[in-house]
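Undergrad: Knowing the structure of chain S, use the given hints to seat chains R, W and X on it.
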Amino acid sequence: MADAADAAHAADAAAEFTRDELMEVNAARALARARTCFVGIGLPSTAANLARRTVNPRLVLIYESGTIGSKPTRLPLSIGDGELADTADAVVPVPEVFNYWLQGGRIDVGFLGAAQVDRFANVNTTVVDRGPGKPEGRLPGAGGAPEIAANCGEVLLVLRHSTRGFVRRLDFVTTLGHGYGPHDRTRLGMPGRGPVAVITDLGILRPDPATSELTLTELHPGVTVAQVRAATGWELRTAERVGATAPPTAEELRELRALKAAGRSEA
Amino acid sequence: MADAADAAHAADAAAEFTRDELMEVNAARALARARTCFVGIGLPSTAANLARRTVNPRLVLIYESGTIGSKPTRLPLSIGDGELADTADAVVPVPEVFNYWLQGGRIDVGFLGAAQVDRFANVNTTVVDRGPGKPEGRLPGAGGAPEIAANCGEVLLVLRHSTRGFVRRLDFVTTLGHGYGPHDRTRLGMPGRGPVAVITDLGILRPDPATSELTLTELHPGVTVAQVRAATGWELRTAERVGATAPPTAEELRELRALKAAGRSEA
Amino acid sequence: MAETRTLRDAVAELVHDGDTVALEGFTHLIPFAAAHEIIRQGITDLTLARMTPDVVYDQLIGAGLVKKLVFSWGGNPGVGSLHRFRDAVENGWPRPLELDEHSHAGMANRYVAGASKLPFAVLRGYRGSGLATRTDTVSTVVCPFTGEELAAVAALNPDVTVIHAQRADRDRNVQFWGVLGVQKEAALAARRVLVTVEEVVDELPPTPGAVVLPGWTVDAVVPVPGGAHPSYASGYSVRDNAFYRAWDPVARDREAFRAWLAEHVLSEGTAN
Amino acid sequence: MAETRTLRDAVAELVHDGDTVALEGFTHLIPFAAAHEIIRQGITDLTLARMTPDVVYDQLIGAGLVKKLVFSWGGNPGVGSLHRFRDAVENGWPRPLELDEHSHAGMANRYVAGASKLPFAVLRGYRGSGLATRTDTVSTVVCPFTGEELAAVAALNPDVTVIHAQRADRDRNVQFWGVLGVQKEAALAARRVLVTVEEVVDELPPTPGAVVLPGWTVDAVVPVPGGAHPSYASGYSVRDNAFYRAWDPVARDREAFRAWLAEHVLSEGTAN
Chain S
1 MADAADAAHA ADAAAEFTRD ELMEVNAARA LARARTCFVG IGLPSTAANL
51 ARRTVNPRLV LIYESGTIGS KPTRLPLSIG DGELADTADA VVPVPEVFNY
101 WLQGGRIDVG FLGAAQVDRF ANVNTTVVDR GPGKPEGRLP GAGGAPEIAA
151 NCGEVLLVLR HSTRGFVRRL DFVTTLGHGY GPHDRTRLGM PGRGPVAVIT
201 DLGILRPDPA TSELTLTELH PGVTVAQVRA ATGWELRTAE RVGATAPPTA
251 EELRELRALK AAGRSEA
Chain R
1001 MADAADAAHA ADAAAEFTRD ELMEVNAARA LARARTCFVG IGLPSTAANL
1051 ARRTVNPRLV LIYESGTIGS KPTRLPLSIG DGELADTADA VVPVPEVFNY
1101 WLQGGRIDVG FLGAAQVDRF ANVNTTVVDR GPGKPEGRLP GAGGAPEIAA
1151 NCGEVLLVLR HSTRGFVRRL DFVTTLGHGY GPHDRTRLGM PGRGPVAVIT
1201 DLGILRPDPA TSELTLTELH PGVTVAQVRA ATGWELRTAE RVGATAPPTA
1251 EELRELRALK AAGRSEA
Chain W
2001 MAETRTLRDA VAELVHDGDT VALEGFTHLI PFAAAHEIIR QGITDLTLAR
2051 MTPDVVYDQL IGAGLVKKLV FSWGGNPGVG SLHRFRDAVE NGWPRPLELD
2101 EHSHAGMANR YVAGASKLPF AVLRGYRGSG LATRTDTVST VVCPFTGEEL
2151 AAVAALNPDV TVIHAQRADR DRNVQFWGVL GVQKEAALAA RRVLVTVEEV
2201 VDELPPTPGA VVLPGWTVDA VVPVPGGAHP SYASGYSVRD NAFYRAWDPV
2251 ARDREAFRAW LAEHVLSEGT AN
Chain X
3001 MAETRTLRDA VAELVHDGDT VALEGFTHLI PFAAAHEIIR QGITDLTLAR
3051 MTPDVVYDQL IGAGLVKKLV FSWGGNPGVG SLHRFRDAVE NGWPRPLELD
3101 EHSHAGMANR YVAGASKLPF AVLRGYRGSG LATRTDTVST VVCPFTGEEL
3151 AAVAALNPDV TVIHAQRADR DRNVQFWGVL GVQKEAALAA RRVLVTVEEV
3201 VDELPPTPGA VVLPGWTVDA VVPVPGGAHP SYASGYSVRD NAFYRAWDPV
3251 ARDREAFRAW LAEHVLSEGT AN
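Protein chains in written order, with our numbering: chain S, 1 to 267; chain R, 1001 to 1267; chain W, 2001 to 2272; chain X, 3001 to 3272.
Calculated from the structure, these hints are not laboratory results. Every residue, glycine too, gets a C-beta built ideally from N, C-alpha and C. Heads up, some of the hints might be wrong.
[As the list claims (entries may be wrong)] Chain W side only, calculated, beta carbon under 10 Å to chain X, not exhaustive:
| id | residue |
| --- | --- |
| 1 | Phe2120 |
| 2 | Val2153 |
| 3 | Pro2208 |
| 4 | Pro2225 |
| 5 | Gly2226 |
Okay, chain S solo, but in the shape it has when bound (with noise of 0.2 Å):
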């Protein structure tokens, strides 16, 4: 009964919700069975705090500022804001949060945006190639993503799917995904399994376990493969049979724009 009643809000619910709301809410699904989450700003930190009301109340967020097990009410617009320091279990200093606890292997799934990305999940933030005579475009940079990527138990890329950033070729190497292919990881001693999904405002891709090439897993309610295929800088490789994400639940849906719009008020 229960079930039938969501269905029918979800029903209601998805006339309205946007694809950035599709992207933001697959995204705190794909935290459900995480203990612990290194949360980057923006897009992850919005899918982590929604998951913490949603999918996984007990969910530890850990910010690379130091703030271990916040539980903020509204979204930082930094991840520096007072209130992660406030009312989180604990504060250490940025080099024990990185040695200790993200190096230190504490961390199950790391999540990471990105300017680039490339078919084996490789990501680039640091510069872009602008064109012949132009200077190369500047990006923030790695910030912690390099070891994120390499030490958490899994990664989640989230990002809008485009041509601009799901590229053939990246402009640089920001930060390692697969390489070239299932072997690079190890080869490389690094101890996280890497990528495991890029949840986008299309759908999801997944590396595929036999060639890590990210291939189209999940499409969001109402989104065709030839849609995101035109969004993607290669070839991309579906998987044989392509489910399909479910649509929002009113839940999902007013915790989501509860969090947004108490994060825009506070400024």
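TA: Chains R, W and X only, in chain S's frame:
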């Protein structure tokens, strides 16, 4: 006038002071110009706390338990007594005190005891040879000494004078003083100057600037060169002019005895 | 004693042309007031180190005082780009900006090595990343026990580190709490340390989560209430997120930036 | 949940014959009660790690449960020798004791490497000391930037670390303060963590100088008021210096020690 009065007091007290008190008072005086002192337990702690009550009230005491700027009112029995933390400016984890504070070059004077010292002020606190057919005698071990001796601006050694302690050849080198001469510390890249004085219950030995060999430079009141030589396991050299340490002042004795009485009473 | 010194005098005494300077503070406790004083005094040819350059270095870079930036993430947190930083890197305006670029873990460990007076630190990092090809301060070492190759990062020892803290006492003991960042390491790694504080008190109240830097590790303490704005000082102020958002259009435009600098930095204080 | 477990069950579950065990606490917060439970259960062939073996390891060694000791200073602080430790090393009684002996700086950094999941740590240490010739857990590395040769110490990752803390909450979050020692590093370096606490509370009050170990890093929390005696728990008890002094004559004599153990450890508790 004040000097004359002090001298009179000192003379009064002189009848009563012990050789250990001479050692302790002179060890405290050696801290007159230090800003920071890394304090081992036992005689070094007595001397450093006496210095804070007499020649150097602003002396910063740093204990290897991680208490920085401790101001104990009585002599602690161990380097981790609660009062050391309760009265400290800062309490840091043990790895930090060794890495950021000691190795970080922030300690002016390190104060060490020893079971055996050789003529180059190298120290053994590990094992002693007890003769043929007998097992090695076990001592407590290194503790912080090797890195205290390497990294403090300078090192003071404090121990009672006897041929058991002042030996021709160490049974084990726990802690390097001056190695085998004036170039060994430089060759080993040791930041600090190493031992600058060995303060005993008979007098003070200092390394000869040319050879680094310990040389008798001062005698305590009433002690002869012959007595010191008889208590030293090698042919002890003496400085061209052997000085005399000033007798303890009444204030020094009063403070020293109050400190030790308070230390005993709390057990 | 430190408490009688003005910010102008302390900056003039401790920060010099050509210095390597770290103004640290991880989102929290960023020493903006001290940065503005550096701008007013026109102290130039600086090598600036900071994990997150943030708006504070956008301003110093835009003011033309910086020849090199040592950093790991150069964005306006939660907002977008640092446009003065980008303009300097992409177009050399107002002067070219040399970069020494790291990951956060690498930068944090460079300060740790600096505070420990070790020449380098070891981490499991930079693997498979192109970062190591662009800098001479990342290398490798082999573990003598396991044979594993690990990253080595060169120690970072600033000529001067500048931080903002909540409180100090009259002996210059400095106390800060909340998000702790890498300030203790950056201060202990530096040859000189300048601290601005919200207030100077007779005695530092023991405070949960607080770090204390003893006075003898600090060269100058200057009371500058609000000296972290638009960053914040936990217990005294909140982050002015609106300022960070409003910075975007200002920094996008060279003239808008110059006008902002003239109005809000150069016309204030006493150095002009 | 942890709070329903007895010390007997927690020790039986987490500490096994042949384990490498660290019972840490630098003078302060030494987990004596847990050590006594290990003795009662006769868990043996242990490799014990501790910077300062203290009376707690004198007891475990004297009880014949220890095959190897990893340490840096083995005395009775302020009193003298650890006689059971000496008897084992010098005379092999009640069994021979293998030693892996370090300096404090080396031991502390071995735990740091362990907590950081690095195979080794670097320090400027052991130079000119004979210590390095007696162990295979000290080596050297060369700085790739300066060419300086530095000491490398192998990471120490105990099978189980046991600590005593002042408080925990019902989610196993553990809080301790005062002299902090190397407990955080020893706990984070270990595969399993057992914590005895003075009390379990509904909510941990923010406390100056306190370290919090999140509950998800801890395998068991057991309330054992006074569980550090004759060591102490700042805020709850003071160090029983008289006990440390009285230990000297007990430990000097094998029979006096056996009688003490029978009366004060083996006859108590519920494991027998």
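Undergrad: So, for every hint listed, does it hold in this structure?
TA: Each hint tested on the structure:
Annotation: phenylalanine 2120/W was flagged as interfacial toward chain X, and the flag holds, the nearest CB pair being 5 Å apart, inside 10 Å. The criterion of a C-beta within 10 Å of any C-beta in chain X is met by valine 2153/W, whose closest approach is roughly 9 Å, and the hint holds. Interface hint at proline 2208/W: satisfied, since its Cβ lies 4 Å from the closest Cβ of chain X, which is below the 10 Å cut-off. The beta carbon of proline 2225/W comes no nearer than 23 Å to any beta carbon in chain X, farther than 10 Å, and the hint placing it at the interface is violated.
A cut of 10 Å between beta carbons decides the hint on glycine 2226/W: the least distance to chain X is about 25 Å, and the hint is violated.
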